[in-house]
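K.L.:
The chain contents come next:
There are 2 protein chains.
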Amino acid sequence: MTKKDIVLTGDRPTGPLHLGHFVGSLQKRVELQDICKQYVMIADYQAFTDNVDNPQKVRDNVLQVMLDYLAVGIDPNKTTFFIQSLIPQIAELYFIYLNFVTVNRLRRNPTVKTEIQQKEFGENVTAGFLTYPVHQAADITVVKGNLVPVGADQYPVLEQANEIVRKINSLYKVQVLPEIKAVESKVPRLSGLDGKAKMSKSLGNAIFLSDDADTVLKKVMTMYTDPDHVRVEDPGKIEGNVVFTYLDVFDPDKQKVQELKDHYQKGGLGDVKVKRYLAEVLNTFLDPIRTKRLEFAKDPQAALDIAFKGSLQVREIGAQTLKEVKTAISLEY
Amino acid sequence: MTKKDIVLTGDRPTGPLHLGHFVGSLQKRVELQDICKQYVMIADYQAFTDNVDNPQKVRDNVLQVMLDYLAVGIDPNKTTFFIQSLIPQIAELYFIYLNFVTVNRLRRNPTVKTEIQQKEFGENVTAGFLTYPVHQAADITVVKGNLVPVGADQYPVLEQANEIVRKINSLYKVQVLPEIKAVESKVPRLSGLDGKAKMSKSLGNAIFLSDDADTVLKKVMTMYTDPDHVRVEDPGKIEGNVVFTYLDVFDPDKQKVQELKDHYQKGGLGDVKVKRYLAEVLNTFLDPIRTKRLEFAKDPQAALDIAFKGSLQVREIGAQTLKEVKTAISLEY
Chain A
7 MTKKDIVLTG
17 DRPTGPLHLG
27 HFVGSLQKRV
37 ELQDICKQYV
47 MIADYQAFTD
57 NVDNPQKVRD
67 NVLQVMLDYL
77 AVGIDPNKTT
87 FFIQSLIPQI
97 AELYFIYLNF
107 VTVNRLRRNP
117 TVKTEIQQKE
127 FGENVTAGFL
137 TYPVHQAADI
147 TVVKGNLVPV
157 GADQYPVLEQ
167 ANEIVRKINS
177 LYKVQVLPEI
187 KAVESKVPRL
197 SGLDGKAKMS
207 KSLGNAIFLS
217 DDADTVLKKV
227 MTMYTDPDHV
237 RVEDPGKIEG
247 NVVFTYLDVF
257 DPDKQKVQEL
267 KDHYQKGGLG
277 DVKVKRYLAE
287 VLNTFLDPIR
297 TKRLEFAKDP
307 QAALDIAFKG
317 SLQVREIGAQ
327 TLKEVKTAIS
337 LEY
Chain B
7 MTKKDIVLTG
17 DRPTGPLHLG
27 HFVGSLQKRV
37 ELQDICKQYV
47 MIADYQAFTD
57 NVDNPQKVRD
67 NVLQVMLDYL
77 AVGIDPNKTT
87 FFIQSLIPQI
97 AELYFIYLNF
107 VTVNRLRRNP
117 TVKTEIQQKE
127 FGENVTAGFL
137 TYPVHQAADI
147 TVVKGNLVPV
157 GADQYPVLEQ
167 ANEIVRKINS
177 LYKVQVLPEI
187 KAVESKVPRL
197 SGLDGKAKMS
207 KSLGNAIFLS
217 DDADTVLKKV
227 MTMYTDPDHV
237 RVEDPGKIEG
247 NVVFTYLDVF
257 DPDKQKVQEL
267 KDHYQKGGLG
277 DVKVKRYLAE
287 VLNTFLDPIR
297 TKRLEFAKDP
307 QAALDIAFKG
317 SLQVREIGAQ
327 TLKEVKTAIS
337 LEY
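Residue numbers (our numbering), protein chains in the order written: chain A, 7 to 339; chain B, 7 to 339.
These aren't lab readings, by the way, just hints derived from the structure by calculation. Hints should not be assumed to be uniformly reliable.
Note that identical chains are pooled: a pair holds if it fits in a single copy or bridges any two copies.
Unchecked claim - Straight-line alpha carbon distances no greater than 27 Å define the calculated BS3-like cross-link-like pairs of lysine-lysine that follow: (1) K272 / K173; (2) K84 / K204; (3) K315 / K329; (4) K125 / K84; (5) K125 / K179; (6) K63 / K298; (7) K298 / K224; (8) K315 / K332; (9) K225 / K204; (10) K173 / K332.
Source: prediction; values computed, not measured.
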């Protein structure tokens with residue numbers, strides 16, 4: 007990975023970001039901004055595809071997400087932030103790309119299939135939602151991104167994008183668009199408070215980066231542990247016990263975590279005690295993030311302006327990319 | 007119909023325009039430009055949806071179509087011409103609208119169904135092609151068009167556009183987009199040389215506005231007449247006889263046409279004779295169009311510049327429309 011690599015990531019602004027985002031993606035971005043050319047996109051149009059009934063939620067969360075980015079240390083001097091709907095070339099590339107993808111291919115995309123089920127669209131899936139992998143192909147290629155840090159569940163979406171890239175490059179005998187590689191993160195997914203595989207706002211099992219210390223404590227107290235660990239003196243299981251999963255991820259004191267695990271497995275360590283400890287660990291971790299977030303939140307316009315300024319830069323890059331693609335398809339005037 | 011009405015029409019630049027276009031649409035546009043605010047769009051992106059293998063053909067025919075428009079008397083001082091791919095707001099509106107249309111609704115659209123069969127897409131229909139009615143909704147609404155002169159076969163496409171317009175207006179409690187009405191033309195469809203219901207370049211049964219006099223004569227000689235009219239002295243049928251269909255449309259001398267019909271039905275009038283007469287009528291009709299076309303063709307850049315200049319105007323109007331739609335969906339910044 008070098009400064010020549012162009013990395014794109016983004017989030018749908020449907021709520022503030024949580025620990026799952028941090029572990030799965032945000033910390034990786036803080037690393038990557040020193041290694042590659044990094045773009046971070048606030049995917050408001052993408053969020054619109056399944057929030058047509060409440061787009062104001064999307065609009066409001068653009069700021070929340072931007073504050074989260076700044077709070078965790080994604081640095082505007084190193085990373086270019088932009089807002090998807092402010093880049094008209096994405097929509098135009100999307101239209102062009104839709105002509106290289108069959109409807110059946112989209113229906114067979116495993117990621118899309120799963121999401122259509124999860125969101126219970128049934129037979130009423132909109133054309134906007136079904137085609138979102140093509141929109142993502144436009145997001146990535148508009149800045150000629152070649153690296154995308156994603157979980158394995160998103161690989162089919164990248165494969166869809168690469169099919170389009172290859173088709174255009176081969177059909178028109180050009181090398182306009184780079185192929186895209188996935189970058190896997192070390193801990194791709196953090197389980198939710200309830201032990202479910204994925205922390206998610208919509209599942210109501212998330213700790214947000216903006217939660218205050220009290221809220222964090224309360225949420226940790228609801229955490230899924232070992233359902234058979236009834237009395238303090240009983241031996242407890244640490245496998246699938248979310249409290250220990252989180253300690254493994256967030257406690258820098260590995261020795262202490264090992265001691266707690268041993269104690270818990272032997273018996274004599276109560277859930278409440280270890281939960282209180284985890285809450286402390288999490289609050290220690292979140293404190294500097296919260297402080298920075300409050301600082302940035304004092305001037306919301308300044309935070310948004312960072313995204314607006316970046317969007318102007320991406321529009322220029324996008325204009326160049328679109329020009330090259332239009333030239334390839336003989337429709338540049 | 008008043009100056010407040012906004013009418014949009016357009017053509018896919020896949021070949022020069024023919025007599026079918028003239029009868030079905032072009033002559034109506036020459037009328038409408040004095041009555042309404044008229045936009046005429048060269049639909050290059052639309053043509054791309056089923057010409058990805060040969061986009062150069064699309065690019066080349068932009069000029070041919072523009073010359074045809076000018077030659078028939080669509081007047082740049084009265085009509086605003088524009089090129090679809092030069093209006094980025096169309097792509098953005100298209101993306102937004104796709105979120106108000108289900109994939110199944112598009113599959114059930116009778117016009118789309120027929121075209122998928124005709125073009126033999128089968129299971130390989132692209133997302134770009136399936137969604138073209140949504141793209142057309144964007145074409146029309148980008149200039150807030152409320153009148154579209156089309157044949158009855160295109161009504162389902164307008165209905166699709168109106169569904170989107172109504173959904174946006176009602177969901178967000180706005181009156182941003184006007185509903186669209188079809189304007190029917192007097193002679194909506196001219197049969198082909200071979201007697202097929204529709205004259206079309208791809209069916210090879212067309213007389214182009216740019217055909218020279220010799221070509222017109224040759225083509226008329228191949229025309230479908232009455233297959234049972236074998237000897238000159240036999241009585242002939244005029245129903246379904248393309249030669250008489252064309253005479254009805256293009257010969258201003260109605261009395262002469264009636265005499266020919268009577269003679270033909272009685273017997274004693276040969277196909278060759280009546281065809282030679284039709285060729286004369288058509289060439290008299292086409293002569294001034296051809297002369298004007300040759301004149302405009304001397305300066306192709308000037309002809310294209312008319313479309314480029316109009317596109318700049320439509321971009322400004324489009325920016326305003328898009329701003330209003332984005333405000334309605336809470337995504338204006």
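K.L.:
Can you tell me if K298 and K224 fall within 27 Å by alpha carbon in one copy, between copies, both or neither?
P.N.:
within (23 Å within a copy, 81 Å between copies)
K.L.:
Indicate which option fits the pair K125, K84 if close means a Cα-Cα distance not exceeding 27 Å: within, between, both or neither.
P.N.:
neither (36 Å within a copy, 50 Å between copies)
K.L.:
Could you figure out if K84 and K204 sit no more than 27 Å apart (CA to CA) within one copy, between two copies, both or neither?
P.N.:
neither (30 Å within a copy, 60 Å between copies)
K.L.:
Pop the pair K225 and K204 into one bin, within, between, both or neither, using alpha-carbon distances up to 27 Å.
P.N.:
Within. Shortest intra-copy distance 16 Å satisfies the 27 Å Cα cut-off; inter-copy 69 Å does not.
K.L.:
With identical chains, the pair K315 and K332 could be close in the same copy or across copies; at 27 Å between alpha carbons, which is it: within, between, both, or neither?
P.N.:
both (26 Å within a copy, 20 Å between copies)
K.L.:
What label fits K272 with K173 when the C-alpha limit is 27 Å: within, between, both, or neither?
P.N.:
Answer is neither; intra-copy 59 Å and inter-copy 62 Å both fail.
K.L.:
Please work out whether the CA atoms of K315 and K329 approach to 27 Å or closer within one copy, between two copies, in both situations, or in neither?
P.N.:
The answer is both: 22 Å in one copy and 19 Å across copies each meet 27 Å.
K.L.:
Between K63 and K298, at a C-alpha cutoff of 27 Å, which is it: within one copy, between copies, both, or neither?
P.N.:
Within one copy only: 24 Å inside a chain, 57 Å across chains, cut-off 27 Å.
K.L.:
When no copy is named, should K125 and K179 be tagged within, between, both, or neither for a Cα gap of at most 27 Å?
P.N.:
Between. Shortest inter-copy distance 26 Å satisfies the 27 Å Cα cut-off; intra-copy 40 Å does not.
K.L.:
My question is about K173 and K332: at a cut-off of 27 Å on alpha-carbon distance, are they close within one copy, between copies, both, or neither?
P.N.:
within (14 Å within a copy, 32 Å between copies)
Going through the hint list in order, the structure does not satisfy hints 1, 2, 4.
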